[in-house]
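K.L.:
Here is what each chain is made of, one letter per residue.
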Amino acid sequence: MRFYEFEGKRLFKEWNLPVPEGELVEKEDELLKAGEKIGFPLMAKVQGLKGGRGKKGGVREIKDEKELLEFGEKIFKEGFDGTRVRGILLEKKLMAEKEFYLGITIDELEKRNCILFTEGGMDVEEIAKTGRVLKLTIDPFTGVKSFMMKMFFATTGFKGKTLLQLSEIAVQLYDLYIKMDANLAEINPLILTKEHEFFCADSRIEIDDDALNLQKKNLERFNIPIREEKEREPTELEIKAKEIDQLDHRGVAGRVVEFDGDLALIIGGGGASLTVFDAILRYGGKPANYCEIGGNPTVKKVQKLTELLLSKKGIRGVAVITNVLSNTRVDLVARGVIKGMLSKGIDPSKFPVVFRVPGSWEEEGFKILEKYGIKYFTREHTMDEAAKFIVELLKKEG
Amino acid sequence: MAILADRNTRVIIQGITGREAATMSQEMLAYGTKVVAGVTPGKGGQKVHGIPVFDTVIEAVEKCGGDTSIVSVPPLFSKDAVMEAADAGIKLIVVLTERIPKSHVIEMLAFAESKGARVIGPNSPGIICPEETRLGYLGGSNPEKAYMKGPVGIISRSGGMCTELANILTRNGIGQSTVIGIGGDPVVGTTYTDLLPLFQEDEETKVVLLFCEPGGKKEEAAAEFIREKFTKKVVVFFGGRFVDRMPGMRFGHASVIVRPGYGTTEEKIKLFKSAGCIVVETYSEIPEIIKEFI
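From first to last, the protein sequence lines are chains A and R.
Position 253 (the first sequence) corresponds to 253 in the working numbering; numbering is contiguous.
Position 61 (the second sequence) corresponds to 61 in the working numbering; numbering is contiguous.
For the record, the hints were derived by calculation from the structure and aren't laboratory data.
The reader is advised that the hints may include incorrect statements.
[Said to hold, decoys possible] Simulated coverage check for chain R against chain A, where a stretch passes if three residues somewhere in it have a Cβ under 8 Å from a Cβ of chain A:
no.: 1; region: 8 to 16
no.: 2; region: 97 to 104
no.: 3; region: 141 to 147
no.: 4; region: 159 to 169
no.: 5; region: 217 to 228
no.: 6; region: 280 to 286
[Said to hold, decoys possible] Far from chain A by the CB rule (all over 10 Å, computed), these chain R residues:
no.: 7; residue: Ala30
no.: 8; residue: Gly65
no.: 9; residue: Leu76
no.: 10; residue: Lys115
no.: 11; residue: Pro197
no.: 12; residue: Val243
As the structure is a prediction and not an experimental result, all values here were calculated from the model.
Yeah, the Cβ is synthetic: ideal placement off N, Cα and C, and Gly gets one too.
Construct the complete structure from the given sequences, taking the supplied hints into account.
P.N.:
Put into structure tokens, the structure is as follows:
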């Protein structure tokens, strides 16, 4: 889960990381008061969760009240980058002499956390490409000690007071990273002012979704609500699908991403669903959704999910395609899908539908499919063949 | 020969009294795996399908001589379970559990490494050496239908695709030496580059088949390793080519996210091709291609 900049800075303050004086403005009519408190010129920063804010004009230097009102009115009315914003953070403008990038994240190849540091406050991705990043891999049992940071930054030419302050910032950032179960903690830019003092001008913190239970108390303490995040707002269908997935704890049936095609997909397995989706596209099919099932979901879950996917306008076919299943029962999936179709008033023997779901209890499953006149493939045929079959059937039907 | 395990491997199952682990242990016994003991703290003295259960791993090792462990315990208990196994001298630890906090994963992997233990997973479906042994749940209740002994080594980021790929090979009369699901998480104990050297040494293995996904840097590292050090034929199949066009969106496994600038399938495929690998468009083509090299 990613934090807003202002939430990250709330944590920074708690960990004694230097942040510029700032005020979060959540409503348009609070702009002026907050602006006067900070004093002009100031920096206005849109609070959203999408990346690339700077490039898209979400961070602006504001000269006076008039500019602030203009900027604020636009953002609050129109949103930013296609989404509503959480607010605008107004901050004191810093006179930067130099800008740096300081970050902590996981190196998946080394299987360790690492500290990354470089000059210049540009995009992380851009920085990574230059290869000029200084990197220190961290032993999880030793952690980050003050002396290590002093040695690390001394190699880049820092001396005296600035070396001490920078080292302390890195030590504190690592402490925050560990205590919050973060997967990413970045200060970009970390500004060195003309007065030779460091300030964290931005914050980007992402905590581990698998550690949210461990972080409940901390999140409450810092007043940060747990939220689901996606690149875009979830659609109504996606929200309803999630509710179905949560009907009971048995199996997964309802992780849905909606698209605007005409073929409803119920596909299985982490890697297999990727493979099936590729195959449908390759043969010219138009998926209406991406939807995984697995872990032996109940008949009811599969039925509800089928009903939901069929309720979308313009659905012309259904493809139920999975890898050879280890623990999901074929007969349960077949019953769920058929029940869903019947309750929607669809005759499975007449509607374009294909099954390729081999695995546990497949004989029972195949019997049910035969009874309802549904075309199915066994493990003798690949998922590609099933994908091709349904796409061509839909093409024929025009 | 298979890699990592064979019919003599003596297996301990941590968390054996759980419903899924109990079913799995029965399936493993049926496949011929030597499951010598189970461990569930607080349930020492019980039996699961005739397998004795102990409170600690060290007890299981001392009394039953286990050398390999399978960890199937709840996410927040997994770190301790892995460290306990490594401390008890277990050298191969297969972690099936999903959704372990990454800070725990980093710590348990570092500890296991310091004890000289290899960790497969977390979020791994396990390993199967067809007609020898099975560690984990690959193939479910009828692994013999999908897997048979032979010359192809498979390394996969997806559990389901392990069985799917083995199945299509078996249908075409091509067997497998060892099939390993490395786990779909960003941080796993063993990746392509750790396993390729073992397949290089293994005389039975003639071809290695990789199932790859978008996201992360594991494939990039694998391609570099193959270019420099690997002499056997490598066939590569990618699931999720479409993800390149949807940066930031997550599909399937936790690690399948393409970030701007890296992790794209396009870039990974380019590297594999330049390393001399055969990258197939659809997995249906794989048997025909592999037949040329065995």
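K.L.:
Enumerate the violated hints, using their earlier numbering and listing them in ascending order.
P.N.:
1, 9, 12
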